[in-house]
Amino acid sequence: MHETELQDLSDDADYAASQQQGSRSISGSDSGKRSMSSEPDGAEVVYLKDNVTIHPTQYASERISGRLRLIKQGSSLFMTWIPYKAHSSGNDSESDRNLYTIKAVPFTDIRSIRRHTPAFGWQYMIVVLSSGLAFPPLYFYNGGVREFLATIKQHVFLVRSADDANAFLVNDIQDPLQRTLFSLELSRAVSVSNVPSASVSVSPAPSIENSQRTDGDSYDWSSSISQYNGRHRQKVQDPARDLSIQVLEKFSLVTKFAWETTSILFRESHNNDFGADERKNFIQSLPDNIRDTEHNNTEKVPEEIPVASDPLEFDKLTLVWGKPRQPPLGSDEWATFLDSEGRIMDSKALRNRIFYGGVEYRLRKEVWKLLLGYHAYDSTLAERDYLCSIKKTEYESIKRQWQSIPPEQAKRFTKFRERKGLVEKDVVRTDRSVSFYDGDDNPNVRLLRDILLTYSFYNFDLGYCQGMSDLLSPILFVMEDESESFWCFVALMERLGPNFNRDQNGMHSQLFALSKIVELLDSPLHNYFEQNDCLNYFFCFRWVLIQFKRQRKKRGWGTPENGGTIEEEERGEDKLGEFEYEKTMRLWEVLWTHYLSEHLHLYMCVAILKRYRKKIMGDQMDFDTLLKFINELSGHIDLDATLRDAEALCICAGENGEACIPAGTPPSLPVETGLSYSQQDDI
Amino acid sequence: MASRRRMLLKVIILGDSGVGKTSLMNQYVNRKFSNQYKATIGADFLTKEVQFEDRLFTLQIWDTAGQERFQSLGVAFYRGADCCVLVYDVNVMKSFDNLNNWREEFLIQASPSDPENFPFVVLGNKIDVDGGNSRVVSEKKAKAWCTSKGNIPYFETSAKEGFNVEAAFQCIAKNALKNEPEEEIYLPDTIDVAGGGRQQRSSGCEC
Chain B
1 MHETELQDLS DDADYAASQQ QGSRSISGSD SGKRSMSSEP DGAEVVYLKD
51 NVTIHPTQYA SERISGRLRL IKQGSSLFMT WIPYKAHSSG NDSESDRNLY
101 TIKAVPFTDI RSIRRHTPAF GWQYMIVVLS SGLAFPPLYF YNGGVREFLA
151 TIKQHVFLVR SADDANAFLV NDIQDPLQRT LFSLELSRAV SVSNVPSASV
201 SVSPAPSIEN SQRTDGDSYD WSSSISQYNG RHRQKVQDPA RDLSIQVLEK
251 FSLVTKFAWE TTSILFRESH NNDFGADERK NFIQSLPDNI RDTEHNNTEK
301 VPEEIPVASD PLEFDKLTLV WGKPRQPPLG SDEWATFLDS EGRIMDSKAL
351 RNRIFYGGVE YRLRKEVWKL LLGYHAYDST LAERDYLCSI KKTEYESIKR
401 QWQSIPPEQA KRFTKFRERK GLVEKDVVRT DRSVSFYDGD DNPNVRLLRD
451 ILLTYSFYNF DLGYCQGMSD LLSPILFVME DESESFWCFV ALMERLGPNF
501 NRDQNGMHSQ LFALSKIVEL LDSPLHNYFE QNDCLNYFFC FRWVLIQFKR
551 QRKKRGWGTP ENGGTIEEEE RGEDKLGEFE YEKTMRLWEV LWTHYLSEHL
601 HLYMCVAILK RYRKKIMGDQ MDFDTLLKFI NELSGHIDLD ATLRDAEALC
651 ICAGENGEAC IPAGTPPSLP VETGLSYSQQ DDI
Chain X
1 MASRRRMLLK VIILGDSGVG KTSLMNQYVN RKFSNQYKAT IGADFLTKEV
51 QFEDRLFTLQ IWDTAGQERF QSLGVAFYRG ADCCVLVYDV NVMKSFDNLN
101 NWREEFLIQA SPSDPENFPF VVLGNKIDVD GGNSRVVSEK KAKAWCTSKG
151 NIPYFETSAK EGFNVEAAFQ CIAKNALKNE PEEEIYLPDT IDVAGGGRQQ
201 RSSGCEC
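First to last, the sequence lines map onto chains B and X. Using UniProt numbering, read the first sequence as starting at 1 and increasing by one per residue. Using UniProt numbering, read the second sequence as starting at 1 and increasing by one per residue.
Take these hints with a grain of salt, some might be off.
Unchecked claim - In silico lysine-lysine, DSS-like type, Cα no more than 27 Å apart, as pairs:
#: 1; chain 1: X; residue 1: K32; chain 2: X; residue 2: K48
#: 2; chain 1: X; residue 1: K141; chain 2: B; residue 2: K415
#: 3; chain 1: X; residue 1: K94; chain 2: B; residue 2: K425
#: 4; chain 1: B; residue 1: K392; chain 2: B; residue 2: K420
#: 5; chain 1: X; residue 1: K174; chain 2: X; residue 2: K160
#: 6; chain 1: X; residue 1: K94; chain 2: B; residue 2: K411
Don't read these hints as lab results, they were simulated from the structure.
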């Protein structure tokens, strides 16, 4: 404990003044590197602190210690944190070391620093970048946070946040919006401790740090992150864990992902006052031991800026990752979510669990009804059973409405006849290659028809529209019960109904939101679409309308990049295997959790588009070509990887992403009550 | 890219849901028929190389959703069309009655430069069903309608059996070609890729 540093910087000006003398030389009792304080090329180490440590997990053995430095070159101040060499503890920690290394971040890229001085344990600080993302907490084993801040204050403009005495803003933030976002971020970073399972959202400001580009290809991000997460999961199961530490880890975990993601996402789209040449000069002027860890990147620097104008270079690192997917929720674990009467004790935790892994097939019947909102999370088993029986009667009476129409009446009821005809045409071409629906006179196909026709009476204004049979099919497959399927479908249509409105407003609002999100997350791609008259995003129409159904699995998981036209794929022999059907169900239950966002499906679209952005822009696809390309992607989409990308993108977009999505955009519930459907056109 | 560049003819297939638009397209392009097509969502297209008077063309055939509700998408898909194929099911009167709606909707949304002379072709499909016994629209009636709309070429087809499909699409291609302004037809294949071709309504862009 370092009691002296528990005090606030009650008078910053005085404090800084009193520190000027001490901090001009290298301070820190454990520092033995005073000789580095001055370098011939003008890079001067103005602060150095050893034993500044990152805690990737709560295990002491996995902490990574390193040296924190502030380096001054010209008028610019940089921060570095270089971990010490491993004591032979294996590749694992070595990759973590690489992962966490902070290489010469200029302070122009840093928005704020928040120091934490807990009553127990070490002081630490969190450095928030101007992108809104943050480095993992840096623990000062030997103290020195205060000194660190004081040193910074001598070189850059540092002010204490009006909202938070422990937060210091680097450079003045004049824009009131930015200021608000900033304070929101800080409060969120703290408040996350109340919800240990929550992921931290971060809101990237529309500027980006070139410094992140120092993360070169030499790191195997995905594998090191996987390892990191593997341990992370073990830790979660450890009952003895320290909650507060876990929270911080989650925070840094998420921000680390987001940080990498954003740097990848944005580096091509934004210029920044810290140019490549300046950076190169800086790196070359660094002391040898710093330069060593940097030299890989030095060579790449000149080619990274032009990337923004060269579509062919865009894609090197588009693969971004959310958390690794987990195995589906099984019966034993499911039981732990229920109280003695069958209520879901923590629906958020349940949704979190399903978000990351889905549910096992045999649990779907029960869980889907909750996810879809047919049953309330706080209902008891007995209440759910009771509701089912009531609803069964109700279903039967709605169904009788059309069943009881005699032929003579039907003759004079064109709308009914045509609606029935449309439904009958569609059910016989819905998932017939799935064994549940295959063969002649399949009773399940009849059930599809009955449920859809009943729905078209239940919601006569909306009626039947193509695509509905696609949405119902997996539900019936899971429920294996007519009435239950109907009510689950009703619940789903509460949210997706506007997809089928006659004026297509639900679809238009989603496609509009999608274009906004792409603009936010990938402005070069957005610009490309704009220039090529693709901003209507109709090429994503099918993805959105039926939630990525219609996957065709052929020729393995390859990409269709090397040709593969529909002609070659023998379109007529679409085989929607059980495997793809399962994947659709898995995706849907993840989407239905509404865990990170109600609109994760839009981020799925972005994730896929980003994955193929190089192809799209490199091949100069026009609207037609793009539509065809997207149509042929189905069956080639790697669900787990895309979900992880979508998660990372969603976190990355944060509030700015949500702000792209107009209120009431499906599957959000409509804003206004009392939907009105136009009555004048089709059936 | 430049070497693959050739005249592109864009054809749109319209008609009520379930009349066989996807089947006709697939029968023509792939010579295959399946009972397991799915209802078309959004739109898709197939391409086929066709030879006409010693020159090669790419026929781009657009298959669209049949439900009226999706018609607002048409604006994006119809533009630049060189020919519109109207399909009905000879066994379903309503699908024939709707031809006029489809035709008018197309002219509104595609807004071709010369609507009076824009080429349409009408196909009466599914003549194989029940040996023709369930047929409700006679050939005579269909032809009369086509005549009244400016002598639209008419074909009776069976996508399932491949009957008359090739002949119908040859006519479609020919009519699409007729719609192309003369100067575009003789555009050299190697015209610049950078953007000059882009300005041509439908002669480029197949990259």
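Which numbered hints are broken by the structure, listed smallest first? Every hint satisfied by this model.
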